[in-house]
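Enquirer: From first to last, the protein sequence lines stand for chains A and B. If you number the first sequence the way full-length UniProt numbering does, the last residue is 118 and the count never jumps. If you number the second sequence the way full-length UniProt numbering does, the last residue is 706 and the count never jumps.
Mixed in with the good hints, there may be bad ones.
[What the hints assert, rightly or not] Pairs of lysine-lysine, DSSO-like flavour, derived with a Cα cap of 30 Å:
1. B:Lys40 to A:Lys33
2. B:Lys40 to A:Lys40
3. B:Lys208 to B:Lys146
[To be verified] Quick partial rundown of chain B residues pointing at chain A, CB under 7 Å, derived from the structure:
4. Trp28
5. Asp30
6. Ile31
7. Lys36
8. Cys39
9. Leu42
10. Leu44
11. His49
12. Asp50
13. Leu52
14. Leu55
15. Phe56
16. Ala58
17. Ser60
18. Met65
19. Pro67
What the hints contain is simulated information worked out from the structure, not anything from laboratory work. Note that the Cβ used here is the ideal one computed from N, Cα and C, for glycine as well.
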Amino acid sequence: MSVTNTSGGKPQKKNAQMATIEENGPSTHAREKLQRLLNKNMRIRMTDGRTLVGLFLCTDRDCNIILGSAQEFLKSKDTFSQGEPRVLGLAMIPGHHVVSIEAEADILDDTQAFGVNH
Amino acid sequence: MVMKSSGEEDDAGWGLGIPEKMKNNANWVDITHDFKSSCKELSLGELLHDMLFGLFEAMSAIEMMDPKMDAGMIGNQVNRKVLNFEQAIKEHAIKVKDLSLPELIGIMDTCFCCLITWLEGHSLAQTVFTCLYVHNPDLIEEPALKAFALGILKICDIAREKVNKAAVFEEEDFQAMTYGFRMANNVTDLRVTGMLKDVEDELQRKVKSTRSRQGEQRNPEVELEHQQYLALFNRIKFTRLLLTALIAFTKKETSSVGEAQKLVAQAADLLSAIHSSVQHGIQSQNDTTKGDHPIMMGFEPLVNQRLLPPTFPRYAKIIKREDMVAYFGKLIERIKTVCDVINTTNLHGILDFFCEFSEQSPCVLSRSLLQTTFLIDNKKVFGTHLMQDMIKDALRYFVSPPVLSYKCCLFNNHQAKDYIDSFVTHCSRPFCSLIQIHGHNRARQRDKLGHILEEFATLQDEAEKVDAALHSLLIKYEPQRQHLACLGTWILYHNLRIMIQYLLSGFELELYSMHEYYYVYWYLSEFLYAWLMSTLSRADASQMAEERILEEQVKGRSSKKSKKKKKVRPLSKEITMSQAYQNMCAGMYKTMVALDMDGKVHKPQFELDSEQVRYKHRFAPFNSVVTPPPVHYIQFKEMSDLKKYNPAPGSADLYLAASKHFQQAKFILENVPSPDPEVNGILRVAKPNFVVTKLLAGGHKKETMV
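Based on the provided sequences and hints, a complete structural model is requested.
Expert: Next comes the structure, spelled out in structure tokens:
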């Protein structure tokens, strides 16, 4: 999976959103950072303590996130099915239920998108 | 930038939830803050996504933390531990021995309720398998409960097998998924019924020992114990009888169906006793303050929550104990009716039986049992007759075609035999499907009836060809006899029946709008029933012709037989009924037209469709049929045009005409000897309709809407 490149050469009609990204000058940096995370594994903890792991596919201003091939992990305690993930598939996590977001370190190293200090 | 390393918090918190693979290679880095602040930079409504991922794909995502979509959410909101069977035993949350009588009764009743809820179309995981005991009966030490748990599992297993085999269910009827649960397959049926019988005998001894003796002072405690033992005894016996009856249905002999009927009748006798002792069982601990589900010992509604697909209706609403007995009562009644099918030998009779049974919208289990009883392992009817022979009998009964008559030269003509045999063989599959269709639920039936018309159209074509071939053969040998349109008439009859059923089911399912009624009724009265009547009388005539020939042959040898004996024509009932129906429909058609004239029928403003489009759609399946030819909208408009009468009738004339039709229908039906419920049913409609249309014709209450 290659990081999506926002440079030209794509059919214009195919993605109107891309066009807007390129047009919006000042905050392109933030967009690029997010772009580089697309199709990467992401781990999101939700307000009820569950954790979802899946491919980052889509987000918006309110930080609603869509994960592909998501798997659900329960919080470790008080459940008998420890460690067994449940396959959810495509899942959208509303922004206000997102507690924390994590990405894999090596991806961050490669893309240099987010400053990582570890 | 605030960056947390994937340090302590993770390992303590959710690290445990991640499988080894994930844990090893992933070095997770928290990017929450950075991510969120980047998101803020996006403009309102903007989506950041990959090229290949668009809004369309996004739509199919399930929304987390949405109570309607997120099945996993609920388990986390309940403030109690969800334990599986083994864990519950370890934590002593559940007893596997020394259960009190009220506990046993309560558990069994709840199990019955779960069983019924499953049969009504919920998943096993949310019903029967919310009972922890059935997860592993081997761990139960209490013999009564162990036998009961095994019995329930066996009942589920056989019911599932039957329903699967009959294949007359859709997802709305039945969930066949077993989620890998073990259905007591390691124990034989015989062993389970044996165990139940042992428990039953043991309980019977207890019941006897606590029974009141004459002259003895009754201790109320002993009396209560007696009642409870009796309640338990009845439940175990009921389970055993139900299971044995279902086992009987899996056997191939027809005699076992009669046995099953006897068994369910015995089970039905226990129901009132079970009903009156429901209060002896423990009730669930109703802690419903937080919208939580009531919890019973031994039951955990959430135990299988993780097995369900990502989106799944939350709780299956388990039916109440009081309703459980009534449901069993009805189920048993249905099963008893199913058993009666083996007393019907004629194919037409069987078809009618299936139609009638289906009209009560029976449950999927009884429907499936009927299917599997009819065609055992899809080969022979009731396990004994060949479908081909049934069809030949039906033909003889309906049109008495010369080719199937023993007295006809064609009967032993091998070429004729080839013709008729191959035709009958071709018939058997569509007729089996037709019968199978009647096993589906009512809404699906309509859809499938529309499709099977295509197959019958092909049969019709073949029937006509075979008729012609047989006729040319016959006139060579017996020039005075005819073989015209015999088989064709028979197929046409079934064609018409299917078409009528298709249209009528639209009324039952409330598919038509009021303003559509008039052309549906027109199609029925002017067209289908008219065709049906002429088909029936043709069949009747052909029967008579055949009988006459037979009589002549008999007379030739001995003139003993008196001609006076007038037999009741076998088809006369059907002819009468279709006349009545035709009149009813004609009456309705004229009433609808008249109502429309008076502006009483609300007609929508057609924007995207028109009456023609609707008409075409309503009768679309009929286009595949050659005889009777479909009537197209233009034709219909021409044929039903009132202007062709001079002077054109007004609404009052039409009401009057309609009332005459209803009167006629009433008259016909009242003269039916030995009226069955069907006749009485239409009579009940015909009478008031007659009165109302008469009133309307007289201009009564013109302004009201019916």
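Enquirer: State for each hint whether it applies.
Expert: Results for each hint:
no.	hint	in the structure
1	B:Lys40 to A:Lys33	13 Å, holds
2	B:Lys40 to A:Lys40	20 Å, holds
3	B:Lys208 to B:Lys146	23 Å, holds
4	Trp28	4 Å, holds
5	Asp30	5 Å, holds
6	Ile31	5 Å, holds
7	Lys36	5 Å, holds
8	Cys39	4 Å, holds
9	Leu42	4 Å, holds
10	Leu44	6 Å, holds
11	His49	4 Å, holds
12	Asp50	5 Å, holds
13	Leu52	9 Å, violated
14	Leu55	9 Å, violated
15	Phe56	12 Å, violated
16	Ala58	6 Å, holds
17	Ser60	6 Å, holds
18	Met65	5 Å, holds
19	Pro67	12 Å, violated
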